[in-house]
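Visitor: Chain by chain, the residues:
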Amino acid sequence: MSAFSAIGEGREVEQEDYTPDLEPQATWCPGCGDFGVLKALKGAAQELGKSPEEMLLCTGIGCSGKLNSYFDSYGFHTIHGRSLPVARAAKLANPGIEVIAAGGDGDGYGIGGNHFMHSARENHDMTYIVFNNEIFGLTKGQTSPTSPKGHKSKTQPHGSAKEPLRPLSLSLTSGASYIARTAAVNPNQAKEIIVEAMEHDGFAHVDFLTQCPTWNKDARQYVPYIDVNDSDDYEFDRTDRREAADMMAETEEALHEGKVLTGRYYVDESRPSYGEEKRSIGEMPEEPLAERYFDDSYEWERSADLFLDKHK
Amino acid sequence: MTDNELIWRIAGGSGDGIASTSQNFAKALMRSGLNVFTHRHYPSRIRGGHTYTEIRASADPVKSRGDGYNFLLALGDSFARNPKEGSVYGNEEIKPLSENLDELREGGVIIYDSGLLDASEIENFDERVEENNWHVYDLDLRTMAREQGREVMRNTAGVGATCALAGIELEWIEDLMTEAMPEKILEPNLEILHNAYEMVNEEYDVDAHDIKVPEGSHDEEQVLLSGSDSIAYGSLDEGCRFIAGYPMTPWTEVFTIMSQNLPEVGGISEQVEDEIAAAALAVGASHAGAKAMSGSSGGGFALMSEPLGLAEMTETPVVLIEAMRAGPSTGMPTKPEQADLEHVLYTSQGDSQRVVFAPGTVEEAYTQTRKAFKIAYEYQIPAIVLYDQKLGGELMNVPASVFDEEPNPSLGSTLTEAELEDAPHDESGKYSRFQHDVEDGVSPRSIPGQKGGHYLATGNEHTPEGHIAESPENRVAQMDRREQKLEAIHEELASQDEGHQTYHGPDEATYGLMTFGSSQGTVEEAVDVLNDQGYSVKSLGVSDMAPYPVEEVTEFIESVDEVLVVEMNASAQFRGLTQKELGQYGEKLSSLLKYNGNPFEPADIVEGFVTTIVEDEELTGIETKYVPAAGD
Ligand SMILES: Cc1ncc(C[n+]2csc(CCOP(=O)(O)OP(=O)(O)O)c2C)c(N)n1
Ligand code: SF4
Ligand SMILES: [Mg+2]
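Quick note, the sequences are listed as chains A and B, same order. Using our numbering, read the first sequence as starting at 1 and increasing by one per residue. Using our numbering, read the second sequence as starting at 313 and increasing by one per residue.
Calculated directly from the structure, the hints in this document are not laboratory data. Possibly wrong hints are sitting among the right ones.
[To be verified] Stretch-level coverage of chain A by chain B, calculated; a stretch enters the list once three of its residues show a Cβ under 8 Å from a Cβ in chain B: (1) 68-76; (2) 90-99; (3) 109-121; (4) 138-145; (5) 201-207.
[Claimed, not checked] Straight-line Cα separation of at most 27 Å, BS3-like style, residue types lysine-lysine; simulated pairs: (6) B/K900 to A/K312; (7) B/K524 to B/K496; (8) A/K162 to A/K152; (9) B/K937 to A/K312; (10) B/K763 to A/K39; (11) B/K900 to B/K937; (12) A/K149 to A/K39; (13) A/K312 to A/K162; (14) A/K310 to B/K763; (15) A/K39 to A/K154; (16) A/K259 to A/K278; (17) A/K152 to A/K140.
Ideal Cβ placement from N, Cα and C applies to all residues, glycine included.
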């Protein structure tokens with residue numbers, strides 16, 4: 001019998017189950033795109049029948065990191081930039097749980113950029129949602145790695161001299177096996193994409209455009225948006241790495257010309273997740289590691305029996 | 313301390329197999345019934361550069377490197393740089409011989425490979441030999457090896473010659489070679505070993521000197537291992553099945569041993585992108601229900617500062633290993649030092665709390681690593697095992713029975729689903745994971761996936777349910793509770809039958825020596841020498857760095873007139889900690905420091921003590937430094 005009976009329980013869940021008592025209304029600014037992520041996540045989790053107690057939501061620090069306070073599940077609000085390494089290990093140790101990591105564009109593409117690259121490369125079976133508002137929200141509007149060139153802020157009074165980072169392209173070259181962009185103003189697509197991301201067996205990266213009306217007035221509301229998978233103007237094969245790369249490049253450039261392109265950009269269903277890879281070479285147990293600590297009949301190995309002979 | 317000892321130094325170049333040859337040699341001597349202790353000296357370089365390993369063997373217990381040594385096997389350095397005159401590094405070719413003469417005792421033996429080393433390149437070599445009454449055997453080991461097999465087997469020829477001259481029975485070495493070597497190279501090696509042994513016996517008077525291997529016997533079965541082995545085995549026996557790390561000398565050894573052994577016991581090892589990730593992974597794995605560890609050396613540990621604080625604030629159990637090496641910055645990567653004590657105690661912002669143990673011996677490295685896990689998981693707090701390049705790499709024999717212990721896979725203060733049913737929850741069903749009023753300040757945790765256990769872990773200050781909160785009442789209640797855990801740990805440590813502090817020497821003594829961590833064995837040997845010389849001295853080796861054993865140390869200091877605090881750093885960090893914790897005795901504690909990259913020899917301490925404490929004279933020379941007590 002599992003020590004974690006919430007896992008795979010398959011009970012009926014309602015959106016209300018993900019709403020904590022303490023603060024029925026999140027404290028994000030009115031009109032903030034972060035509400036859109038919360039709503040999409042609740043919708044997706046409900047649709048997939050995930051109980052709050054089989055989910056672990058790991059966040060970073062930022063306005064975005066507050067997601068944990070408004071989404072009731074097991075949660076780990078970590079430190080700035082470090083949601084991914086925490087989330088990744090939780091999945092390895094307790095692979096039955098549904099692991100979601102989330103944070104801001106500064107959090108994930110800046111200070112935590114190295115973890116982003118490596119988590120994508122390793123293809124951990126988890127969903128990573130980046131609240132991309134092209135700004136540092138919580139610290140009051142400084143330039144972020146995705147702020148467009150020329151964007152003025154208190155710390156870049158003459159406008160940013162840097163080209164913005166290309167999150168989708170970076171994700172692809174790093175090795176993510178599901179890559180999508182959605183926007184807070186597009187709730188249906190957002191929910192569908194998060195459902196797909198959660199169902200995907202591998203590292204699913206969702207670049208979620210979340211408008212910040214308080215600090216980033218330049219970026220408007222990310223409307224009107226175009227779904228590149230639905231529009232007749234765009235034709236590409238999302239399972240083809242090269243075609244995906246071209247579509248991503250075009251999307252990243254279009255954003256700062258006022259054209260908001262969204263959709264699924266890359267999907268590789270064939271690549272094994274990191275856990276599968278590790279199990280296949282004998283470096284990860286078949287049974288979830290966390291279960292073992294609750295299994296009274298497990299015979300724990302001793303170094304005296306296994307490893308001491310070579311020292312005699 | 314013993315008069316009858318063999319201290320064999322094998323010197324050569326990095327990458328020439330000195331480490332494996334010496335390890336086999338040490339094990340052979342252990343099996344023959346002797347106590348052994350090894351000391352390594354190596355550069356931060358893969359191919360070439362002067363390196364040596366010393367093996368001290370005696371029938372009596374040995375806890376430290378000795379004072380100098382008495383038998384040199386100088387091999388060539390295959391990768392030596394041989395630069396022009398006047399260059400910084402000098403001619404490296406001759407170093408295996410030239411660099412090792414200063415510490416060779418009078419009457420000592422030198423074997424050198426005349427195929428690769430030319431003693432005439434050393435100034436006054438013959439005069440020094442005569443003055444010191446050294447017995448020199450210039451053997452063409454290279455040619456011997458070449459004739460039978462390959463040049464690299466000259467180590468084996470040297471070992472054969474050593475056995476002939478030191479009176480070591482070849483079968484001890486043969487057995488080990490047979491166990492360790494693949495068939496293909498075993499035959500030629502055995503032949504080289506025998507030929508060298510016989511040649512020396514035939515052509516030389518092997519009794520012209522009196523440096524011979526002693527005879528001894530053990531009461532029980534022994535194993536030869538290092539502090540790194542002990543830390544790894546202690547972790548495994550505590551049920552640790554998850555490690556994340558990033559290579560950095562000397563921590564890499566523990567990481568490697570764990571990574572090699574974990575698959576066999578269904579565990580997981582992750583080499584990750586950096587040390588921030590490494591520590592964060594350990595936190596994540598522990599949060600999700602595994603016993604987990606990470607670690608690094610100084611620079612890598614600095615990167616762990618924030619995840620460490622996160623573990624403290626979210627009360628996630630985790631064990632971190634810190635292997636000190638000479639700093640600051642990249643410092644001297646392969647040289648021992650004890651200068652990260654303050655770094656480890658105080659890194660990470662806020663009033664953060666952790667437990668820090670600094671084991672003094674290979675055996676303590678095992679028991680205290682186990683204790684670190686127990687405390688970490690029982691009290692939901694990070695526990696750090698602080699050691700150094702010296703303890704990590706020194707091999708010594710310990711009774712195999714030390715490891716004959718039951719495993720302890722307990723997750724500590726963690727609830728099962730059944731227990732969660734009766735535990736307090738808020739109205740929306742969130743488990744009150746961080747309750748204010750609980751025994752010893754420990755509020756049990758739940759694990760993701762458990763029914764009835766969901767809560768929010770956050771590095772922000774939080775309410776019992778984990779909600780971010782800044783109310784003064786809640787803040788004080790949570791801070792006080794977290795502090796209370798440390799008090800409870802202090803009490804538990806003080807009340808255990810066998811404390812972590814180690815006493816040595818007569819109960820009643822006029823003077824005290826105090827140290828922490830890996831210098832303990834050397835200090836104890838110095839105490840024996842000093843008492844033999846008629847001084848009245850005892851020692852205390854402290855392992856509990858946090859919480860600090862205030863009562864025990866106070867009692868020790870009260871019981872003597874004066875205390876000399878011995879540590880391998882330049883800023884007297886352990887003495888500083890002691891004074892801070894005790895709030896007095898500034899006038900009673902002086903320091904003997906060594907930070908030149910080499911660990912203390914017993915003689916450094918004997919000389920330091922006699923010169924400064926007894927004779928009240930200045931210390932001269934560059935080996936050690938004396939810092940007087942306040943008001944002196
Ligand atoms: C190590 C560290 N550096 C800086 C900060 C301060 N800080 C908090 S959030 C943040 C940036 C937030 O921007 P982003 O990640 O884009 O999140 P947003 O608020 O826009 O959702 C910064 C710099 C911190 N908490 N920790
Ligand atoms: S500052 Fe911007 S990102 Fe933060 S809550 Fe307000 S609108 Fe949202
Ligand atoms: Mg942002």
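Visitor: Run every hint past the structure and note whether it holds.
Guide: Hint check results:
{"no.": "1", "hint": "68-76", "result": "holds (count 7)"}
{"no.": "2", "hint": "90-99", "result": "holds (count 7)"}
{"no.": "3", "hint": "109-121", "result": "holds (count 4)"}
{"no.": "4", "hint": "138-145", "result": "violated (count 0)"}
{"no.": "5", "hint": "201-207", "result": "violated (count 0)"}
{"no.": "6", "hint": "B/K900 to A/K312", "result": "violated, 45 Å"}
{"no.": "7", "hint": "B/K524 to B/K496", "result": "violated, 32 Å"}
{"no.": "8", "hint": "A/K162 to A/K152", "result": "holds, 11 Å"}
{"no.": "9", "hint": "B/K937 to A/K312", "result": "violated, 40 Å"}
{"no.": "10", "hint": "B/K763 to A/K39", "result": "holds, 24 Å"}
{"no.": "11", "hint": "B/K900 to B/K937", "result": "holds, 17 Å"}
{"no.": "12", "hint": "A/K149 to A/K39", "result": "violated, 31 Å"}
{"no.": "13", "hint": "A/K312 to A/K162", "result": "violated, 61 Å"}
{"no.": "14", "hint": "A/K310 to B/K763", "result": "violated, 44 Å"}
{"no.": "15", "hint": "A/K39 to A/K154", "result": "violated, 32 Å"}
{"no.": "16", "hint": "A/K259 to A/K278", "result": "violated, 41 Å"}
{"no.": "17", "hint": "A/K152 to A/K140", "result": "holds, 13 Å"}
Hint compliance for this structure: hints 4, 5, 6, 7, 9, 12, 13, 14, 15, 16 are broken, all remaining hints hold.
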